[in-house]
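Colleague: Position chain C against the provided structure of chain U, taking the given hints into account.
Just so you know, the sequences run in chain order U and C. Numbering-wise, the first sequence is residues 1 to 315 according to full-length UniProt numbering. Numbering-wise, the second sequence is residues 1 to 295 according to full-length UniProt numbering.
Keep in mind the hints are simulated off the structure, nothing from the lab. There's no promise every hint is true.
Stated by the list, open to error - Simulated restraints, written as ranges between beta carbons of each label pair:
hint, chain 1, residue 1, chain 2, residue 2, range
1, U, Asn-256, C, Ala-182, 48 to 58 Å
2, U, Ile-231, C, Asp-220, 20 to 30 Å
3, U, Arg-85, C, Met-91, 40 to 50 Å
4, C, Arg-103, U, Asn-72, 51 to 61 Å
5, U, Leu-17, C, Leu-24, 51 to 61 Å
A virtual CB, placed ideally from N, CA and C, is assigned to each residue, including glycine.
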Amino acid sequence: MDAGRQRGKTKGIAFELNKNAFLYLMAVPGLIVLFFFNYLPMAGVLIAFKNFDFGKGIFGSEWTKPIFNNFNFLFTSDTTFRATRNTILLNLLFIASSTVVAVGLALLLNEVRKKTFKKLVQSFTLLPFFVSWIVVSVFAYSIFAFDQGMLNQLLQWLGLSKVNWYNTPQAWPIILTLIMVWKSAGYNSILYIATLSGVDTSYYEAAEIDGATRFQQMRYISLPMLKPTIIILTLLAIGRIMNADFGMFYGIIGDNPNLYATTDVLDTFIFRNLRVLGDVGMASAASFYQSVIAFILVLACNRWANKYQNGSGLF
Amino acid sequence: MTSKLGAIRYSDLVIYAIVLAFSLLCLLPFLMVIGGSFTDELEIQAHGYQLIPGQFSLEAYHILFVQWKVLVNGYKISTIVTIVGTAASVMICAMLAYPMSLRRVKYRRFLSVYAMLTLLFSGGMVPWYIVCVNYLHLKDSIAALIIPYLCSAFNVFLIRNYFQSLPEELSESAKIDGAGEATIFFKIVMRLSTPVIATVSLFIALTYWNDWYLGVMLIDSSDLQPLQLLLRSIVSNIMFLKTSDAAARMLSGSLVPSEGIKLATCVLTIGPMVFLYPFVQRYFVKGIMIGAVKG
Numbered sequence: 001m002d003a004g005r006q007r008g009k010t011k012g013i014a015f016e017l018n019k020n021a022f023l024y025l026m027a028v029p030g031l032i033v034l035f036f037f038n039y040l041p042m043a044g045v046l047i048a049f050k051n052f053d054f055g056k057g058i059f060g061s062e063w064t065k066p067i068f069n070n071f072n073f074l075f076t077s078d079t080t081f082r083a084t085r086n087t088i089l090l091n092l093l094f095i096a097s098s099t100v101v102a103v104g105l106a107l108l109l110n111e112v113r114k115k116t117f118k119k120l121v122q123s124f125t126l127l128p129f130f131v132s133w134i135v136v137s138v139f140a141y142s143i144f145a146f147d148q149g150m151l152n153q154l155l156q157w158l159g160l161s162k163v164n165w166y167n168t169p170q171a172w173p174i175i176l177t178l179i180m181v182w183k184s185a186g187y188n189s190i191l192y193i194a195t196l197s198g199v200d201t202s203y204y205e206a207a208e209i210d211g212a213t214r215f216q217q218m219r220y221i222s223l224p225m226l227k228p229t230i231i232i233l234t235l236l237a238i239g240r241i242m243n244a245d246f247g248m249f250y251g252i253i254g255d256n257p258n259l260y261a262t263t264d265v266l267d268t269f270i271f272r273n274l275r276v277l278g279d280v281g282m283a284s285a286a287s288f289y290q291s292v293i294a295f296i297l298v299l300a301c302n303r304w305a306n307k308y309q310n311g312s313g314l315f
Numbered sequence: 001m002t003s004k005l006g007a008i009r010y011s012d013l014v015i016y017a018i019v020l021a022f023s024l025l026c027l028l029p030f031l032m033v034i035g036g037s038f039t040d041e042l043e044i045q046a047h048g049y050q051l052i053p054g055q056f057s058l059e060a061y062h063i064l065f066v067q068w069k070v071l072v073n074g075y076k077i078s079t080i081v082t083i084v085g086t087a088a089s090v091m092i093c094a095m096l097a098y099p100m101s102l103r104r105v106k107y108r109r110f111l112s113v114y115a116m117l118t119l120l121f122s123g124g125m126v127p128w129y130i131v132c133v134n135y136l137h138l139k140d141s142i143a144a145l146i147i148p149y150l151c152s153a154f155n156v157f158l159i160r161n162y163f164q165s166l167p168e169e170l171s172e173s174a175k176i177d178g179a180g181e182a183t184i185f186f187k188i189v190m191r192l193s194t195p196v197i198a199t200v201s202l203f204i205a206l207t208y209w210n211d212w213y214l215g216v217m218l219i220d221s222s223d224l225q226p227l228q229l230l231l232r233s234i235v236s237n238i239m240f241l242k243t244s245d246a247a248a249r250m251l252s253g254s255l256v257p258s259e260g261i262k263l264a265t266c267v268l269t270i271g272p273m274v275f276l277y278p279f280v281q282r283y284f285v286k287g288i289m290i291g292a293v294k295g
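Looking at chain C on its own, in the form it has when it is part of the complex:
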């Protein structure tokens, strides 16, 4: 009896240890970058990146705040794109999902197949790019960062599956009470579907906030760079600091903390997501589970 108890404890220990090690491994790069962003540049150059700064320094953040216009602009673009994009996209997806979910809509199969085919087949990067630039003139505008992602069939199906789980009699009886289709959809169906709408909004917001594909493909102007693209230009070209007056004056003669600035920008890019993370994670897990139950 005791040996069995011992064996269970032993296996528990192994399980907890493996799981804990893996989750720490997931966390490690975050800590490293945060630590590095507070480390003195000379220290990084001499001893490399460290989890705990040997020589604490706020210089990288200081320079970024001297350069606040660039950073604030990046934040502004990313925030606008994320908020407008998410609101519009959730609405468009839900509005497409709704008729698909109703048995009284005769051609719902057509709508589903129409959306499904876009999940399966793709024309590839080149025709997509030409359609965007040549036909829709989505180039160097904030719309170019929003419009291409407005409807994703994946999200449409997530929402449709949820709508299908609502009893259709609900809207039938509202109809008898004299409610129009618009009232039924906005006042009843959407309100009852808060869990799936929250999850899909999260998916979409994450896509917009982290996206840089649209930026790389369709944006040339530096005024329209979202945060991710800004981080990329800093990563690939720290020169922008050296050419700026403010930074040059401040640093006259001293070393540009290029590594520190990169890490600090990185921290500021992750910032909002990590801050919101504890609040939204619940919806996220729930959403994937909803998706798992395929309709």
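Isolated chain U, as found in the complex:
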């Protein structure tokens, strides 16, 4: 670019900022909040390579020697591998089951003609979305507790022996998936219902005349209509697969080491190192590792989303 245009541009910036000064000033509070809570932490990933000293802050602390010192223990520990595996597998289970149930619910609700019934169902299925994970943990406990839990009562009633669920790690991937589906299906289905409500009704009328059953209409009209939404939402969810829902895991599992084998995820692992064990070096190295993989996944999934349907990615 030549100097003349450069100068024109700088003048342009000043001119523009001056002309719309009030509008730019309006944006400032939001920009500042995002700067402190999003951008500064992004730069702060550097502490993974430092001996963090609270007195000196992120940028003032000394670099570690050797530079990857904080990572030594991270990659030799089985816990890191376990947390990574759990995070990815559980998230895959969550994405698959939530999508299937939410799409199913939307397809079925789309066939319901009675308005009041539809509304009632939506109210009930959306209700779990409104409660916190702590409340969910109380719900979960009342179902899975050893002595008083509903499930064990049911097992006893059926003549089976009770199971100590809070000491049975194998059961928890399924339990957590059920909880996730319970909490999010109603919410997730809204998007699909919105998509279906935009479908031209003449398709269904034509199908009806040709003698298609309700289920055939779902399978051959509604489901294909949802396909793009399903694919895009799934891809975007896969982009976030390295990030577990901390509130969920720490709320329901808490500090119960008996269940760590299948439920310890990266976020709880990092939290434990940071707040319980006070090992900032280890925690920051794990945090860095998580962010880097998440970064790559987000870029990749976004690319795929855009490839599948131009403009469907986030950017």
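Modeller: What follows is chain C alone, placed relative to chain U:
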């Protein structure tokens, strides 16, 4: 003809049955916890949680009301955080969304990209925590429960998309009539955008009311515990009752209804949300639909 009619009815029945079963399943834990909170402690210990209390008892609620100071404090913190946080956050998000939505703002793309990047990339928990504690000194204060969530790019984009759907000529003509930017924004744009503002307020209020991440990360003092955190400490440590004088005197010799208290606190935590739920649900569904129509 009759067989076809029969087939339709049959499929209807199946559809209604599945949908109804799933919605009851969604409702079940709520009923169980409410039922349990009114059940006598010995009954819970002997027969477990029940939907309909075999032995009706208000003891758990009674003890919670004897302990009212703790509970009221939790309510107070949660209410302040939710109201102040929601008001401030909606304002900040709308004010950032507005210039992004205007074609006459030359650098609107920059603003959008700036916000978009925060949706995509994250520095993770540790740097975030250090920034909060070390740089911003957000520790053990009510501000720590509010400030970190003041601007969410997701909400900014929801609002921006709505603003973009308003005709820009509207503000142009107001400008010609001598209205300043502030008047246009507060008096015209914000008023026309009530649906999206209501929805986003709801999203934000829900986030603040149900949040306990900020509490776990940044609050150590028990005086600043919001309701969710209080419920958590009761869940993980029913001891607080046993150490309190009032409860001890009341219960001298008898059994502490720890299960009942947990369930009763849980009911009181959900209470306000469930009470408001029928009124706000409409906005909620509408809001997600607005979001679905990506701009």
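Colleague: Each hint: holds or not?
Modeller: Outcome of the hint check:
The hinted window of 48 to 58 Å between Asn-256/U and Ala-182/C holds, with their beta carbons roughly 54 Å apart. Ile-231/U and Asp-220/C have their C-beta atoms about 45 Å apart, which leaves the hinted 20 to 30 Å range violated. For the pair Arg-85/U and Met-91/C, the supplied restraint of 40 to 50 Å holds, since their beta-carbon distance comes to about 43 Å. Between Arg-103/C and Asn-72/U the beta carbons are some 54 Å apart, a value that agrees with the proposed interval 51 to 61 Å.
At roughly 58 Å, the beta carbons of Leu-17/U and Leu-24/C sit within the given window of 51 to 61 Å.
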